[in-house]
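Trainee: Here's the letter readout for the chains.
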Amino acid sequence: KAGVTQTPRYLIKTRGQQVTLSCSPISGHRSVSWYQQTPGQGLQFLFEYFSETQRNKGNFPGRFSGRQFSNSRSEMNVSTLELGDSALYLCASAGLAGGQPAPDTQYFGPGTRLTVL
Amino acid sequence: SQQGEEDPQALSIQEGENATMNCSYKTSINNLQWYRQNSGRGLVHLILIRSNEREKHSGRLRVTLDTSKKSSSLLITASRAADTASYFCATALSGGYQKVTFGTGTKLQVIP
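Quick mapping for you: the protein sequence lines, in order, are chains R and G.
Position one of the first sequence corresponds to residue 1 (this note's numbering), numbered consecutively onward.
Position one of the second sequence corresponds to residue 1 (this note's numbering), numbered consecutively onward.
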């Protein structure tokens, strides 16, 4: 089956602008998580959505927001961009496994590389 | 803050040798996963080990988990140049909905 897709793959913005990134999960997966990866901070968890509800949230300012649609596709938005927001943004989807109420294995998309000038 | 810390941060070996990476974490977990990332791309899931398991194998990969020491190790046997990548451990916390937290990563270079 098709993997996780993210659009766009590359993005250049200037400080103060806002940006919306999109993620389409693997068909049938209802959980979508977002991560920010930078050389200095590594992989940081942003938030996770399941069936259109945000279930978990990392320690990021309110400028970072997301949503999930009924078809499980997800978007994340960053408003008032700062230079430090330059990063690789990764989306991961997961499905139910082993009858557990929460997904296990996450499957990652290729990421969106955001550069803020 | 990172839940997991990988050790070493960087590792360089010759093709054919074994590579061992370690991961330590801080809190009780539901499961621990290892991922590989090639040069700024997405992560590829390698293996998942649950908190009630001690060892797991997948092809040339062997993962161990010691919950008493809050540590895990990933062994790649008979390494290949294509194994050159960064390797991350990720932990899913116990209880309720899972929030996966990644470690700092080990950069592995396999020299042909």
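Derived by calculation from the structure, the hints in this document are not laboratory data.
All values reported here derive from a predicted model rather than from experimental measurement.
Cβ atoms here follow ideal geometry from the backbone N, Cα and C, with glycine treated the same way.
Be aware that a few hints might be false.
Derived DSSO-like pairs (lysine-lysine); straight-line CA-CA distance at most 27 Å [unchecked claim]:
1) 56(G) <-> 57(R)
2) 70(G) <-> 107(G)
3) 26(G) <-> 107(G)
4) 70(G) <-> 57(R)
5) 56(G) <-> 70(G)
Covered by chain R, per the in silico footprint, the following chain G stretches (three or more residues, Cβ under 8 Å) [to be verified]:
6) 7-15
7) 59-66
Trainee: Compare the structure with each hint and give your call.
Mentor: Now for the hints, and whether the structure bears them out:
A threshold of 27 Å between alpha carbons decides the hint, and for residue 56(G) with residue 57(R) the separation of about 30 Å lies outside it, so the pair is violated. Taking the CA atoms of residue 70(G) and residue 107(G), the gap is near 21 Å; set against the 27 Å cutoff, the hint holds. Taken as a hint, the residue 26(G) and residue 107(G) pair is honoured in the structure, with Cα atoms around 22 Å apart against an allowance of 27 Å. For the suggested pair residue 70(G) and residue 57(R), the alpha carbons sit about 24 Å apart, so the restraint of at most 27 Å is met.
Among the hinted pairs, residue 56(G) with residue 70(G) is consistent with the structure: their alpha-carbon atoms are about 16 Å apart, no more than 27 Å. With 0 residues carrying a beta carbon less than 8 Å from a beta carbon of chain R, the region 7-15 of chain G misses the three-residue requirement, and the given coverage is violated. Only residues whose beta carbon comes within less than 8 Å of a beta carbon in chain R count, and the region 59-66 of chain G has 0; fewer than three means the coverage is violated.
Hint check: violations occur at hints 1, 6 and 7; the rest are consistent with the structure.
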